[in-house]
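Dock chain A against chain C, hints included.
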Amino acid sequence: MTMRTPTPTLSVQDLRVASPFADLLHGISFDIAAGERVGLIGESGSGKSLTATSVMGLLPETLTATGTIRLNGVDTDLLTAPERRLNQLRGNTMAMVFQEPMTALNPLMRVGAQVAEIMTVHHTENGRRQARERAVELLALVKLPNPAEAALAFPHQLSGGQRQRVMLAMAMANDPQLLLCDEPTTALDVTVQAEVLKLIGNLVTDRGTALLLITHDIAVVAEVCQRVFVMYQGEIVEDGPVGRVLTAPQHPYTQKLIAASDLSSVDDRGRLHTMSMPVVGRPLVTKSSPRQIQADATTALILPPHRAAHQRLEPGGPPMIFNEATGAPAISVRDLSRQYRRRGGGLFSPAPIVHGLRDVSFDVAEGQRFGIVGESGSGKSTLMRILCALDQPSAGTVDVLGQPIAGASERQLREFRSQVQIVFQDPMGSLDPRMKVRDIVAEPLRNVNRAEALARVEAQLAAVGLDADVMHRHPHQFSGGQRQRISIARALITRPRVLVADEAVSALDVSVRAQVLNLLADLVDEYQLTLVFVSHDLGVIRHLCDTVAVISDGRIVECGPTADVYDTPLHPYTRQLVSATPSMQELARRVAP
Amino acid sequence: MVLVVLRRIGVFATTVVVASIVTFLMLSILPGNAARIALGVQASEADVAAQATRMGLDRPGIVRYVDWFGHVLIGDFGTSTVSRQPIGPEITDALGITVTLVLTSVVLALLFAIPFGILTAVRQRKPDGAILSGISQIGVAVPGFLAGMLLVTVFAVTLRWLPAGGWVDPGEDFGGFLEHLILPAIALGSVQGAVLSRYVRSSVLEVMREDFIRTARAKGLGAGRALFWHGLRNAAVPVMTVLGLQIATLLVGAVVIERVFSIPGLGSLLLDKVALRDLPAVQGIVLVLVVFVLALNFLVDLAFTVIDPRLRSAR
Numbered sequence: 001m002t003m004r005t006p007t008p009t010l011s012v013q014d015l016r017v018a019s020p021f022a023d024l025l026h027g028i029s030f031d032i033a034a035g036e037r038v039g040l041i042g043e044s045g046s047g048k049s050l051t052a053t054s055v056m057g058l059l060p061e062t063l064t065a066t067g068t069i070r071l072n073g074v075d076t077d078l079l080t081a082p083e084r085r086l087n088q089l090r091g092n093t094m095a096m097v098f099q100e101p102m103t104a105l106n107p108l109m110r111v112g113a114q115v116a117e118i119m120t121v122h123h124t125e126n127g128r129r130q131a132r133e134r135a136v137e138l139l140a141l142v143k144l145p146n147p148a149e150a151a152l153a154f155p156h157q158l159s160g161g162q163r164q165r166v167m168l169a170m171a172m173a174n175d176p177q178l179l180l181c182d183e184p185t186t187a188l189d190v191t192v193q194a195e196v197l198k199l200i201g202n203l204v205t206d207r208g209t210a211l212l213l214i215t216h217d218i219a220v221v222a223e224v225c226q227r228v229f230v231m232y233q234g235e236i237v238e239d240g241p242v243g244r245v246l247t248a249p250q251h252p253y254t255q256k257l258i259a260a261s262d263l264s265s266v267d268d269r270g271r272l273h274t275m276s277m278p279v280v281g282r283p284l285v286t287k288s289s290p291r292q293i294q295a296d297a298t299t300a301l302i303l304p305p306h307r308a309a310h311q312r313l314e315p316g317g318p319p320m321i322f323n324e325a326t327g328a329p330a331i332s333v334r335d336l337s338r339q340y341r342r343r344g345g346g347l348f349s350p351a352p353i354v355h356g357l358r359d360v361s362f363d364v365a366e367g368q369r370f371g372i373v374g375e376s377g378s379g380k381s382t383l384m385r386i387l388c389a390l391d392q393p394s395a396g397t398v399d400v401l402g403q404p405i406a407g408a409s410e411r412q413l414r415e416f417r418s419q420v421q422i423v424f425q426d427p428m429g430s431l432d433p434r435m436k437v438r439d440i441v442a443e444p445l446r447n448v449n450r451a452e453a454l455a456r457v458e459a460q461l462a463a464v465g466l467d468a469d470v471m472h473r474h475p476h477q478f479s480g481g482q483r484q485r486i487s488i489a490r491a492l493i494t495r496p497r498v499l500v501a502d503e504a505v506s507a508l509d510v511s512v513r514a515q516v517l518n519l520l521a522d523l524v525d526e527y528q529l530t531l532v533f534v535s536h537d538l539g540v541i542r543h544l545c546d547t548v549a550v551i552s553d554g555r556i557v558e559c560g561p562t563a564d565v566y567d568t569p570l571h572p573y574t575r576q577l578v579s580a581t582p583s584m585q586e587l588a589r590r591v592a593p
Numbered sequence: 001m002v003l004v005v006l007r008r009i010g011v012f013a014t015t016v017v018v019a020s021i022v023t024f025l026m027l028s029i030l031p032g033n034a035a036r037i038a039l040g041v042q043a044s045e046a047d048v049a050a051q052a053t054r055m056g057l058d059r060p061g062i063v064r065y066v067d068w069f070g071h072v073l074i075g076d077f078g079t080s081t082v083s084r085q086p087i088g089p090e091i092t093d094a095l096g097i098t099v100t101l102v103l104t105s106v107v108l109a110l111l112f113a114i115p116f117g118i119l120t121a122v123r124q125r126k127p128d129g130a131i132l133s134g135i136s137q138i139g140v141a142v143p144g145f146l147a148g149m150l151l152v153t154v155f156a157v158t159l160r161w162l163p164a165g166g167w168v169d170p171g172e173d174f175g176g177f178l179e180h181l182i183l184p185a186i187a188l189g190s191v192q193g194a195v196l197s198r199y200v201r202s203s204v205l206e207v208m209r210e211d212f213i214r215t216a217r218a219k220g221l222g223a224g225r226a227l228f229w230h231g232l233r234n235a236a237v238p239v240m241t242v243l244g245l246q247i248a249t250l251l252v253g254a255v256v257i258e259r260v261f262s263i264p265g266l267g268s269l270l271l272d273k274v275a276l277r278d279l280p281a282v283q284g285i286v287l288v289l290v291v292f293v294l295a296l297n298f299l300v301d302l303a304f305t306v307i308d309p310r311l312r313s314a315r
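In the order they appear, the protein sequences are chains C and A.
So the first sequence is numbered by our numbering: it starts at 1 and just counts up by one.
So the second sequence is numbered by our numbering: it starts at 1 and just counts up by one.
Honestly, the hints are just simulated from the structure, not real lab data.
Hints may contain errors.
[What the hints assert, rightly or not] Footprint (simulated), chain A over chain C, 3 or more residues, beta carbon under 8 Å:
| # | segment |
| --- | --- |
| 1 | 83-91 |
| 2 | 94-100 |
| 3 | 117-130 |
| 4 | 391-398 |
| 5 | 417-428 |
[Stated by the list, open to error] Partner residues are not named here, just some residues of chain A that face chain C (Cβ under 8 Å, in silico):
| # | residue |
| --- | --- |
| 6 | R125 |
| 7 | T215 |
| 8 | R233 |
| 9 | I307 |
[To be verified] To give an idea of the chain C side of the interface with chain A (calculated C-beta under 8 Å), a few residues:
| # | residue |
| --- | --- |
| 10 | F154 |
| 11 | H156 |
| 12 | M170 |
Computed from a predicted model, the values in this text were never measured in an experiment.
We treat Cβ as the ideally placed atom computed from N, Cα and C, and that holds for glycine.
This is chain A alone, in the form it adopts within the complex:
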């Protein structure tokens, strides 16, 4: 078990290094001189050359990479060529906002999807099960931004219960933070919840057909208890795969909802920086995203190993 975890950590670290190299290479082979981009089209050749020296662009690639990645490891992402401000704090703030939003929406999605999915599976042959299942199909079909706009129209514009957008730091005003969090989290979570509930349903249906559920019934457990004690943990494995993929997609995918609610999240930041051609910032954000997705996969794999004893020795 310890060995399996150690091996996973090794794989994780190696992948991060490889990803950083790929990120670095991709952005440095883009057409256009980073120094000229930073100074603008009117800058003279001499100024551009001076800027290049200042940015360290005249050094060999390998040196620049080691320098960049070494600083990243201690949390220094360099200085923005546009705002002349350090990039690190900007990324950390945006990341904090996006992660808060995404995790809240995922928790909401799970709170809905698990009971709803189980219910539709258990009531599969009954008319109400079919109706519930149909509702979740509709949920899958509605795009998140549309849900967001509907929520804003109803709760912010018409009822005036909640703010229509913006973001408040929880340290400043926790009540305000929650108020600003609710609508975007619901908008983002509704689609995820509908998709997840489909997976929960099919996974539970599959498990209910398993022989060991029949064994549990033969031991004297009622249908509900058999499903709860023996079925759900087995059903969790395929659902978790989907959950991991969803969270990974949402880190950037949340940008649509962030725009609808004007939230300064990581996706928004990335789009802004791309538009400004702020290369050091783009490089930093992409790397942070890659590391986050890798870490997520690592955690999902680890969770599998905890849930399923067969994976502890097999891999």
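So that you can see chain C by itself, here it is in the shape it has in the complex:
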């Protein structure tokens, strides 16, 4: 008896993509069965997006592709199919959702019309009116509130999550056999990400659509997919059920990737597992300083001198002081508020006021590692800017290292500026592209002669694991992780007492992220810094910080020792955040085969 194996929905054979200068995909082959949900993970530059754009036939003109790509029920190889045939397939038999919901929709067209268009293009609805009515139904299907009204909205009137729902409605409109999603939730907040992922999972399961979901985030794959491909430098190095790959990875690269993704697992020196990726310069001299956080129950608890009380804001209750420290705290914030006037409003009515921060009070003790976690629009960046005296509060006091900085003049802040240093999120944008690394790192130094400045720059670069010969290069010659090391060197060269980091590792790949986090942890210990780390990523804060404040809608809603807040969250918002970002162990348990 012969079993007829059903034709796969998508079959890719020996796909190679090359630019005039280099081979980018080295012959990858895979099948996706009907209704199968497959994840494709890898770091930036591994070729994930190239794979998806090859399938859609949307590669840039400068790249050439060879091999075969077959779609169930289509006789021609997609790589050689004429453009006219591909136009019939795109958006109809196969559809794609892109990463950036901000820019992927036409800003000048109502979203309902954009959804309707995909049906009129393929003549799947009779006429414009039916297509518009169907668009509203689809918007309801992706759970957009008030779908009829939403259809008339322009993209800028919707939130990022809502825009991604519109993209999904569009992609699913013609009931495609295959849905490709390229980092669909990377730009979204964690709680929104969880909802959108659930929606994608439900939509494809209900309709039996095959799914290829591209992401750098293992948690996303675990949430939605059955099978996972791991890509590394243009090749698929591992392919297997999600549960197996997560718990028992075979390929060394997968093993390292999963270890580096796991921010709750550390080695016996309390350091994150890193991947042996080439780094410019000699390896970091390892410091045997004890880590002051507990990673899991087996590690001995060494608490910082100040231990925060675990508190939450009561609904409707009075404003409260979080993490109140005795003696002289490094940072002391009382009743801090910041309001903005939004432009616009009526001709005669005053401009509407937006509350960035409301009645925020907290302390950070000297030597504490204080994490501030919140989603976009929560006020965390406003708070960070005020702590660094880059913005002025509307009301309240901010004392840093005993000096009041609210309302202080730039002259009075001179000492403050050298004592409080910042590492920013974007390692590309925050370094002047026309300055040499030497000048970038030396810039904060004042009243120091050139020879001494150079010596200090060299020593500082060595401390962040970079060779002295990088001094004469420009920022664009470095990778993201290296640039972030340069930013850290610049921040530390004045020997500050407080280091503020704003999403300092958010733009980095998983492997590089672990290295930079280890470096930050080492340097904070070595220089006895007080660290304020602002992030949307609970995992990063959990690893790096001993105390965490959760900020939502301009208020601190909960604050306490990191482990307590994560294990027994008191505020409903914290609970929601924590459950939206499961740890690797949690994920492994969920997907266990």
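Just chain A now, kept in the frame of chain C:
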């Protein structure tokens, strides 16, 4: 949306009043007595004083301004000190001619620039695209008066198809009006068209790289349809900024072409009146020009608001 438009109108009206004050002040603080200028150097002191009283120059500045601007608002620009004729009709005639010429040339420029710019953008990597792009560079470099003289030499002098200059009122003889309009409009439009096509090209190139064009392709639209339905409206915004600036410059800038073709336009009128030191006329023409440029900016802003929904609530 209505509120945004109302606010724009308010800003427009305020700017017009401020501009009228500035125009009035600038010309009244110029050295030289307007009454003496009107009468000539030989006039006696008594005659000049009588003339000043007749012109109302002995009244305080604020009264003179209110009087002048009040009359301007009802279309009365006063009387020329040179020809003793009312200035209003003279300005209206010249303005009509210049606006006709400028708008025709801009329409011609757009008819050329939009398809040509899109073509050079779409064919960017192909050899023909590079050649076309080079042609428009040459167009940018040729001055308008040179183009005008070339056109006259070829079509008027050698071929004798069209008149070399002058102007015919469309009410009198519409055929003659068109004949006299064609060459100057082409001369004026050619340079504008070349410049505009550069902007159209870069704007289209920019839009073609946008994510939403990729989304449109992923929906099954061909490259051409994606550009047409989603790209062009987005590409129009920066082009319109340039277009508004160009028209504003041309209102006076057309004077060079007007001289080449001996057309009695507004720029020519202004130069004549300046040479004659006919101050009331100069004052009136400058104000008309300022109001026109302001109105143009107002219309461009309004068009932005219509094209781009993001501006409806943001400003």
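Cross-check of the supplied hints:
no.: 1; hint: 83-91; verdict: holds (count 7)
no.: 2; hint: 94-100; verdict: holds (count 4)
no.: 3; hint: 117-130; verdict: holds (count 4)
no.: 4; hint: 391-398; verdict: violated (count 0)
no.: 5; hint: 417-428; verdict: violated (count 0)
no.: 6; hint: R125; verdict: 7 Å, holds
no.: 7; hint: T215; verdict: 5 Å, holds
no.: 8; hint: R233; verdict: 5 Å, holds
no.: 9; hint: I307; verdict: 7 Å, holds
no.: 10; hint: F154; verdict: 4 Å, holds
no.: 11; hint: H156; verdict: 5 Å, holds
no.: 12; hint: M170; verdict: 7 Å, holds
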